[in-house]
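Chemist: One letter stands for each residue in the lines below.
2 protein chains.
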Amino acid sequence: MSEMLDFPQLCAESKQLSGLTPQDEATLRELAALIVPALDAVTERFYSTLAAVPRTAAFIEGRVEMLKKTHRAWLESLFTRDLDAEYAQWMYQIGAVHVRVNLPVEFMTAGMSLVLRELLLLLGSSGSLDAEAKMRGGAAIGSVCGFSQLLMQKSYDSGKLAGELEKFLKITGMSRKLFDNLASAYKD
Amino acid sequence: MSEMLDFPQLCAESKQLSGLTPQDEATLRELAALIVPALDAVTERFYSTLAAVPRTAAFIEGRVEMLKKTHRAWLESLFTRDLDAEYAQWMYQIGAVHVRVNLPVEFMTAGMSLVLRELLLLLGSSGSLDAEAKMRGGAAIGSVCGFSQLLMQKSYDSGKLAGELEKFLKITGMSRKLFDNLASAYKD
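As they're listed, the protein sequences go chains A and B.
All residue numbers for the first sequence refer to numbering that gives the first Met the number 0, where the first residue is 0 and numbers rise by one.
All residue numbers for the second sequence refer to numbering that gives the first Met the number 0, where the first residue is 0 and numbers rise by one.
Hint data in this document are derived by calculation from the structure and do not stem from the laboratory.
Please note: incorrect hints may appear among the correct ones.
Identical copies go unnamed one by one, so any copy, or any two together, can satisfy a pair.
Below, simulated SDA-like cross-link-like pairs (lysine to any residue); rule was C-alpha separation at most 20 Å, straight line [claimed, not checked]: (1) Lys67 / Phe6; (2) Lys166 / Ala84; (3) Lys166 / Asp179; (4) Lys176 / Thr20; (5) Lys176 / Arg99; (6) Lys166 / Val100; (7) Lys166 / Glu131; (8) Lys176 / Val100; (9) Lys186 / Asn101; (10) Lys68 / Met173; (11) Lys166 / Lys176; (12) Lys166 / Ala56; (13) Lys176 / Glu165.
What you are looking at is a predicted structure, and each value in this text was computed from that prediction instead of being measured.
Turn these sequences into a full structure, and let the hints guide you.
Modeler: Structure follows, in structure tokens:
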């Protein structure tokens, strides 16, 4: 699957669709010195919130320490690495891991919302940046979060599964209602 | 489907998962006077970007003027209406409209990223707010975008469709590979 995707093209399109400009990428690098030292706390708060909500807690139970390491490394990468086709592929693969554990797509959005909020608060509370730098930083942070999430959600291939099901129902002549009924009647 | 959801509960959980606090909701109301007069331009830029990318342009072609009206009204509601169970249900229904046109879920994320960026730039460029107010405003805007997107993406029911397909394959004894092959061989 993943080898069929054109990651350089997907990367370029995703930047356009999230508003991430070359200037934003430079801004993110400039923010690294301010932001990176505070990222441990961002990761901690992220997992505390997920642990406090029963439906998300179920996805992280027993794996929190391991997940924190990956999460913290990813957060830092937003401010330190090239946001290129290789990054796009990495995000796509992280998305695929979420798909494999059947994480509902809206929980990924929840997670990104929490990260974004914490990063904006960090930026806003800095005493060393002026209003102009904070404005540029906020836009860059907003877009890099959107860019990353878009790439991860690409793995959900939501259109593909729904489209495949539709074709399958046409092949078999089965109605969606019958399919739903069969699926809901089935017990393991 | 939608009548089976407990919207008050979904609303509360989604606020927790996007970090949206009662203080944020008050902040959003305070920002209305600043933000609302500039929203026409946000909607315009939103649709210009979607129109400039071929894969998103296909979803809006011929309907842009109608879509702009709904989009502009929704944007204003972020700053002016109660973000309650009724709002949660509205967002869920807007999500369902996106599902019906087979919009890939990551394009919804792209759209929200563009909106968020524009709102943060508007906030940051204000001459009348101090640094503290901008910081609180940025967090509130980040969370209300996440909150709304989470509710819309709930409609994708990504877990449900994948789970139903899995059960169906068990019922029929069909492999996923055969299913995929059948689906990809089918021509309308």
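Chemist: Would you mind marking each hint as holding or not holding in the structure?
Modeler: Hint check results:
Proximity of Lys67 to Phe6 under the C-alpha cut-off of 20 Å is found in neither arrangement, the shortest distances being 27 Å within a copy and 31 Å between copies. Taking CA atoms no more than 20 Å apart as the test, Lys166 paired with Ala84 passes in neither setting, with 32 Å inside one copy and 36 Å between copies. In this assembly of identical chains, the alpha carbons of Lys166 and Asp179 lie at most 20 Å apart whether taken from the same copy (15 Å) or from different copies (10 Å). For a Cα distance limit of 20 Å, the shortest separation of Lys176 from Thr20 qualifies neither inside one copy, at 46 Å, nor across copies, at 40 Å.
In this assembly of identical chains, Lys176 and Arg99 lie within 20 Å of each other by CA distance solely across copies; the values are 16 Å between and 26 Å within a copy. For a Cα distance limit of 20 Å, the shortest separation of Lys166 from Val100 across copies, 16 Å, qualifies, whereas the shortest one inside one copy, 25 Å, does not. Taking the shortest alpha-carbon separations for Lys166 and Glu131, neither the intra-copy value of 52 Å nor the inter-copy value of 54 Å comes in at or below 20 Å. Proximity of Lys176 to Val100 under the C-alpha cut-off of 20 Å is restricted to the inter-copy arrangement: shortest distance 19 Å between copies versus 26 Å within a copy.
Within a single copy, Lys186 and Asn101 get their C-alpha atoms as close as 18 Å, which meets the 20 Å cut-off; across copies the closest is 29 Å, which misses it. For a Cα distance limit of 20 Å, the shortest separation of Lys68 from Met173 qualifies neither inside one copy, at 46 Å, nor across copies, at 38 Å. Within a single copy, Lys166 and Lys176 get their C-alpha atoms as close as 15 Å, and across copies as close as 15 Å, so both meet the 20 Å cut-off. Taking the closest pair of Cα atoms, Lys166 and Ala56 never come within 20 Å of each other, the shortest separation being 36 Å inside a single copy and 24 Å across copies.
Taking CA atoms no more than 20 Å apart as the test, Lys176 paired with Glu165 passes in both settings, with 12 Å inside one copy and 16 Å between copies.
This entry does not satisfy hints 1, 2, 4, 7, 10 and 12, going by the numbered hints stated previously.
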